[in-house]
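Participant: All chains, please: the whole structure from these sequences, using the hints.
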Amino acid sequence: MKIVYVLEVDPYLHSGIIKKVNDQINFWRTKGNEVILLVIWATPKEDHISYIQGKILSSKIANKLKGGFIKNYLNKILSVKNLSTELEKINPDILYIRQNIWYPKLSKVLQKYNTVLEINTVDTIEINYYSRLKKLVYLFGREKIIRSSKGLVAVSPDILSHYDKYDIQSIVVSNGINLSKISKIKNSTSLGRVNLVFVGSSNMKWHGIDRIIELANFFTEYNFDIVGYDKDDFPNTPKNVKFYGWVDKNELEKIYAKNHFGLGSFSNHLVGKKVDSTLKVREYLAYGLPVILGHVDVDLNEEDFVFKATNEKGNFIDFEKIKTYIEKNRDLIVENKDLKIIESSTKEEERLEFFNTIYNK
Numbered sequence: 003m004k005i006v007y008v009l010e011v012d013p014y015l016h017s018g019i020i021k022k023v024n025d026q027i028n029f030w031r032t033k034g035n036e037v038i039l040l041v042i043w044a045t046p047k048e049d050h051i052s053y054i055q056g057k058i059l060s061s062k063i064a065n066k067l068k069g070g071f072i073k074n075y076l077n078k079i080l081s082v083k084n085l086s087t088e089l090e091k092i093n094p095d096i097l098y099i100r101q102n103i104w105y106p107k108l109s110k111v112l113q114k115y116n117t118v119l120e121i122n123t124v125d126t127i128e129i130n131y132y133s134r135l136k137k138l139v140y141l142f143g144r145e146k147i148i149r150s151s152k153g154l155v156a157v158s159p160d161i162l163s164h165y166d167k168y169d170i171q172s173i174v175v176s177n178g179i180n181l182s183k184i185s186k187i188k189n190s191t192s193l194g195r196v197n198l199v200f201v202g203s204s205n206m207k208w209h210g211i212d213r214i215i216e217l218a219n220f221f222t223e224y225n226f227d228i229v230g231y232d233k234d235d236f237p238n239t240p241k242n243v244k245f246y247g248w249v250d251k252n253e254l255e256k257i258y259a260k261n262h263f264g265l266g267s268f269s270n271h272l273v274g275k276k277v278d279s280t281l282k283v284r285e286y287l288a289y290g291l292p293v294i295l296g297h298v299d300v301d302l303n304e305e306d307f308v309f310k311a312t313n314e315k316g317n318f319i320d321f322e323k324i325k326t327y328i329e330k331n332r333d334l335i336v337e338n339k340d341l342k343i344i345e346s347s348t349k350e351e352e353r354l355e356f357f358n359t360i361y362n363k
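Per the working numbering, the very first residue in the sequence shown carries number 3; after that it's consecutive.
Please keep in mind that the hints were generated in silico from the structure rather than gathered at the bench. Errors might be hidden in some of the hints.
As the list claims (entries may be wrong) - 27 Å max Cα-Cα, derived DSSO-like pairs, lysine-lysine:
id	residue 1	residue 2
1	Lys68	Lys47
2	Lys110	Lys83
3	Lys233	Lys207
4	Lys315	Lys207
5	Lys363	Lys4
6	Lys66	Lys83
7	Lys363	Lys152
8	Lys251	Lys241
9	Lys57	Lys251
10	Lys73	Lys57
11	Lys152	Lys91
12	Lys233	Lys251
13	Lys21	Lys207
Stated by the list, open to error - With beta-carbon atoms standing in for the labels, derived distance ranges:
id	residue 1	residue 2	range
14	Asp212	Pro106	36 to 44 Å
15	Ile170	Asn338	29 to 37 Å
16	Asn303	Ser185	25 to 33 Å
17	Met206	Lys114	28 to 36 Å
18	Glu314	Trp248	27 to 35 Å
19	Ser52	Ile173	25 to 33 Å
Note that the coordinates shown come from a computational prediction; the quantities given were computed from them, not determined experimentally. Note that the Cβ used here is the ideal one computed from N, Cα and C, for glycine as well.
Facilitator: What follows is the structure, encoded as structure tokens:
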């Protein structure tokens with residue numbers, strides 16, 4: 003098949019999404035597919051390195067503006083004609099795009115092809131945590147984007163259930179990770195005081211950083227590392243919490259190496275995701291760290307190396323039960339043989355089969 007991936011994610015930030023997309027594209031190509039990546043993103047003014055190989059569609063006008071929602075939204079509007087031209091030249095069998103904000107003429111472009119929409123969140127709930135302007139624009143065009151699609155791929159059944167009313171072919175393909183690209187770096191014999199790490203992009207309330215600080219206040223004997231957030235955003239945090247801000251891969255691996263556990267999100271219930279398959283949880287496990295989180299994982303609900311520390315209402319369970327789990331598993335190193343269910347190749351086989359179904363329909 004000839005697949006075009008249209009991506010509206012910052013290619014200059016080495017995020018979990020960028021890692022996922024790179025792995026997806028590489029796998030699709032190994033299966034004999036022709037894959038073209040088109041990235042719609044304004045170029046930053048400062049020096050930049052792209053962490054993904056594809057054609058970047060950006061507007062000279064938008065590139066001159068200060069970064070933010072207005073800059074990137076204007077770039078989408080000014081780049082849609084170029085997107086249409088590129089797609090007409092390529093004439094893809096499948097057009098794959100992550101669910102994002104509507105902009106003029108996009109739905110008309112998507113309607114021309116076998117468009118498959120990847121859904122990663124309960125968008126009608128999550129959008130309430132963004133600006134009023136972004137929410138208004140998003141909700142205005144949401145239906146247009148969905149109804150321009152021939153297929154839906156959601157990362158959890160909880161998320162997909164919110165799209166039941168649409169007569170569109172759909173499937174759940176939870177997030178995976180390329181285990182062959184990551185080495186176990188946890189060395190339990192060299193670690194003293196228990197360390198727990200959270201990694202995430204800033205300004206996401208459902209990450210539950212306030213809940214992690216709550217844990218730190220109770221477990222003063224443990225250290226908590228928070229990557230992706232700055233201390234200025236959380237004044238009066240206890241001394242056993244350290245904020246790193248954004249770090250590169252090498253620095254992140256150094257942080258992982260001195261930690262016993264990875265921490266998942268603790269407030270996913272705020273955005274309707276009591277069941278999820280987050281990328282950061284898969285990355286922790288790939289590096290060998292057992293995980294403590296606040297939601298059910300689609301693939302790993304029954305595993306001993308994943309511990310749900312909250313109840314159905316999203317409140318922490320008894321702290322002594324959490325401590326018992328930590329003390330029992332502090333030296334545990336999660337092995338790849340126990341992670342086959344989250345191997346990305348398995349997930350991408352499922353996705354490609356779905357593409358074939360849409361293409362041959």
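Participant: Next, verify each hint and record whether it holds.
Facilitator: Tested hints:
1. In summary, the hint linking Lys68 to Lys47 is supported, as the alpha carbons are separated by about 8 Å, within the 27 Å threshold.
2. The suggested pairing of Lys110 with Lys83 holds, with an alpha-carbon distance near 11 Å, which does not exceed 27 Å.
3. At most 27 Å may separate the alpha-carbon atoms for a hinted pair to count; Lys233 and Lys207 meet this at roughly 15 Å.
4. About 17 Å separates the Cα atoms of Lys315 and Lys207, which keeps this hinted pair within 27 Å; it holds.
5. For the hint linking Lys363 to Lys4, the alpha-carbon distance of about 16 Å falls within 27 Å, and the restraint holds.
6. Restraint check for Lys66 and Lys83: satisfied, since their Cα atoms lie roughly 19 Å apart, inside the 27 Å limit.
7. Distance hint between Lys363 and Lys152 is fulfilled; the C-alpha atoms sit about 10 Å from each other, no more than 27 Å.
8. Under the criterion of a C-alpha separation no larger than 27 Å, the hint pairing Lys251 with Lys241 is consistent with the structure, at around 25 Å.
9. Between Lys57 and Lys251 the CA atoms are separated by roughly 24 Å; this keeps the pair inside 27 Å, and the hint holds.
10. Proximity of Lys73 to Lys57 is assessed by CA-CA distance (about 19 Å); at most 27 Å being required, the pair is judged to hold.
11. A threshold of 27 Å between alpha carbons decides the hint, and for Lys152 with Lys91 the separation of about 21 Å falls inside it, so the pair holds.
12. Between the alpha carbons of Lys233 and Lys251 the distance comes to roughly 20 Å, so the proposed pair stays at or under 27 Å and holds.
13. As the CA atoms of Lys21 and Lys207 are separated by approximately 23 Å, the hinted pair is consistent with the 27 Å bound.
14. Checking the proposed 36 to 44 Å range against Asp212 and Pro106 shows it holds: the Cβ atoms sit about 38 Å from each other.
15. Against the hinted window of 29 to 37 Å, the Cβ-Cβ separation of Ile170 and Asn338 comes to about 36 Å, which satisfies the hint.
16. Here the CB-CB span from Asn303 to Ser185 is close to 26 Å, well matched to the stated 25 to 33 Å.
17. For the pair Met206 and Lys114, the supplied restraint of 28 to 36 Å holds, since their beta-carbon distance comes to about 34 Å.
18. Distance hint check for Glu314 and Trp248: the Cβ-Cβ separation is about 34 Å, which falls inside the suggested range of 27 to 35 Å.
19. Range check, Ser52 to Ile173: Cβ separation about 30 Å, and the 25 to 33 Å hint holds.
In summary, the structure agrees with every hint in the numbered list given earlier.
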